[in-house]
Amino acid sequence: MAASVRLLVRQAIRLSHRNITVTAAGVSARPSCRCFSESAEERSTHFGFETVSEAEKAKRVYKVFENVAQKYDIMNDAMSLGIHRLWKDMLLHAMHPQPGARLLDVAGGTGDISFRFLEYVRSQRERQQRRAVRFGQTLSLQDISNSYSTIETDGPRESTAVVCDINKEMLKVGKEKAESLGITAGLSWVVGDAEELPFDDDQFDIYTIAFGIRNVTHIDQALQEALRVLKPGGRFMCLEFSKVTNPLLARLYDAYSFQIIPVLGEVIAGDWKSYQYLVESIRKFPSQVRQIYGLYLISVISALTLITVLNFKFPS
Numbered sequence: 001m002a003a004s005v006r007l008l009v010r011q012a013i014r015l016s017h018r019n020i021t022v023t024a025a026g027v028s029a030r031p032s033c034r035c036f037s038e039s040a041e042e043r044s045t046h047f048g049f050e051t052v053s054e055a056e057k058a059k060r061v062y063k064v065f066e067n068v069a070q071k072y073d074i075m076n077d078a079m080s081l082g083i084h085r086l087w088k089d090m091l092l093h094a095m096h097p098q099p100g101a102r103l104l105d106v107a108g109g110t111g112d113i114s115f116r117f118l119e120y121v122r123s124q125r126e127r128q129q130r131r132a133v134r135f136g137q138t139l140s141l142q143d144i145s146n147s148y149s150t151i152e153t154d155g156p157r158e159s160t161a162v163v164c165d166i167n168k169e170m171l172k173v174g175k176e177k178a179e180s181l182g183i184t185a186g187l188s189w190v191v192g193d194a195e196e197l198p199f200d201d202d203q204f205d206i207y208t209i210a211f212g213i214r215n216v217t218h219i220d221q222a223l224q225e226a227l228r229v230l231k232p233g234g235r236f237m238c239l240e241f242s243k244v245t246n247p248l249l250a251r252l253y254d255a256y257s258f259q260i261i262p263v264l265g266e267v268i269a270g271d272w273k274s275y276q277y278l279v280e281s282i283r284k285f286p287s288q289v290r291q292i293y294g295l296y297l298i299s300v301i302s303a304l305t306l307i308t309v310l311n312f313k314f315p316s
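For the record, in the sequence shown the residue sitting at position 78 is 78 according to this note's numbering, with numbers rising by one throughout.
Derived by calculation from the structure, the hints in this document are not laboratory data.
C-beta atoms are modelled at their ideal positions from N, C-alpha and C, and glycine is treated no differently.
Check before you lean on any hint, since a few could be wrong.
To be verified - Now the in silico label distances, taken between C-beta atoms and shown as ranges:
id	residue 1	residue 2	range
1	Arg131	Asp77	29 to 37 Å
2	Pro247	Glu196	22 to 30 Å
3	Leu86	Pro247	19 to 27 Å
To be verified - Capping the alpha-carbon separation at 16 Å, the derived lysine to aspartate or glutamate pairs in EDC-like fashion look like this:
id	residue 1	residue 2
4	Lys231	Asp254
5	Lys177	Asp73
6	Lys243	Asp271
7	Lys71	Glu169
8	Lys168	Glu66
9	Lys71	Asp200
10	Lys59	Asp205
11	Lys284	Glu66
12	Lys172	Glu66
13	Lys63	Asp200
14	Lys231	Glu266
15	Lys63	Glu169
16	Lys231	Asp200
17	Lys168	Asp193
18	Lys172	Glu158
19	Lys172	Asp73
20	Lys59	Glu169
21	Lys71	Glu266
22	Lys59	Glu195
23	Lys231	Asp271
24	Lys63	Asp271
25	Lys63	Asp193
26	Lys273	Glu119
27	Lys59	Asp89
28	Lys177	Glu119
29	Lys71	Glu176
30	Lys175	Glu266
Could you put together the complete structure from these sequences and hints?
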């Protein structure tokens, strides 16, 4: 039964690629707007507010992050006034990973999510150990000996985090940051495309993508890959900007986004155009969230004015 449900989810993702709507009543087809005989050079998509070929978007997105890699973390602090750190912490608390979990952090860039993940599971392990010590104080010496033997043989494996990003410059900056922070154990860095992940099936307990999925050309394919590499019962978690619905806040947000953020990009990173794209990509994305995520019944577990955490547990 579980395998059948998992297969249905996989089929639903494939159906979205063919522009078919899945409803409670069944499946209804709409005329597809994509011509499958066209190449990536001919098919069009959005790069911010521009309409470009899919191949051109991939090249431009790569160039954007190649250009901003060295100043990426500084710009995140400047643009959000440091609030992005709270958003990422919110994601980790929603995730609540346990020792032994394997994380795949796609579009992981400079490693912020993976660093938090490893720190979180480390603190969880220490908490469990303290609890075990308190429990052991009420046991006999023989019981304590048996307990330690069980922990050694049956205890959880070490947690691991894989930072996967298509951009080598972002990974390079992330590696340097990890070394400066002394974070090396359980952490690896892999160059890879979200639409064609270089991993075997059923490898990870948790898949995260933070502020990255809007840059993916084929979101449906990225979700298909997420399902493939996650273990049965694995969790998909996406942190992304959401649409501001309050009219007053929306006007303030637009003014800040279009008038301030590109200026910060020019002053701090020496790159106005890249941050103009990032602002535009945020504006283009919410409609895709409704179109793509709504299909998979991904639940919104927490939403602030500007941010949404999407959490979906694939069937076991």
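We went through each hint and held it up to the structure:
no.	hint	verdict
1	Arg131 - Asp77: 29 to 37 Å	holds, 36 Å
2	Pro247 - Glu196: 22 to 30 Å	violated, 41 Å
3	Leu86 - Pro247: 19 to 27 Å	holds, 25 Å
4	Lys231 - Asp254	violated, 40 Å
5	Lys177 - Asp73	holds, 10 Å
6	Lys243 - Asp271	violated, 25 Å
7	Lys71 - Glu169	holds, 11 Å
8	Lys168 - Glu66	holds, 8 Å
9	Lys71 - Asp200	violated, 33 Å
10	Lys59 - Asp205	violated, 31 Å
11	Lys284 - Glu66	violated, 22 Å
12	Lys172 - Glu66	holds, 10 Å
13	Lys63 - Asp200	violated, 28 Å
14	Lys231 - Glu266	violated, 43 Å
15	Lys63 - Glu169	holds, 10 Å
16	Lys231 - Asp200	holds, 10 Å
17	Lys168 - Asp193	holds, 11 Å
18	Lys172 - Glu158	violated, 24 Å
19	Lys172 - Asp73	holds, 13 Å
20	Lys59 - Glu169	holds, 14 Å
21	Lys71 - Glu266	holds, 11 Å
22	Lys59 - Glu195	holds, 15 Å
23	Lys231 - Asp271	violated, 40 Å
24	Lys63 - Asp271	holds, 11 Å
25	Lys63 - Asp193	holds, 15 Å
26	Lys273 - Glu119	violated, 35 Å
27	Lys59 - Asp89	violated, 31 Å
28	Lys177 - Glu119	holds, 15 Å
29	Lys71 - Glu176	holds, 13 Å
30	Lys175 - Glu266	violated, 25 Å
Of the numbered hints given earlier, the model fails hints 2, 4, 6, 9, 10, 11, 13, 14, 18, 23, 26, 27, 30; all others are met.
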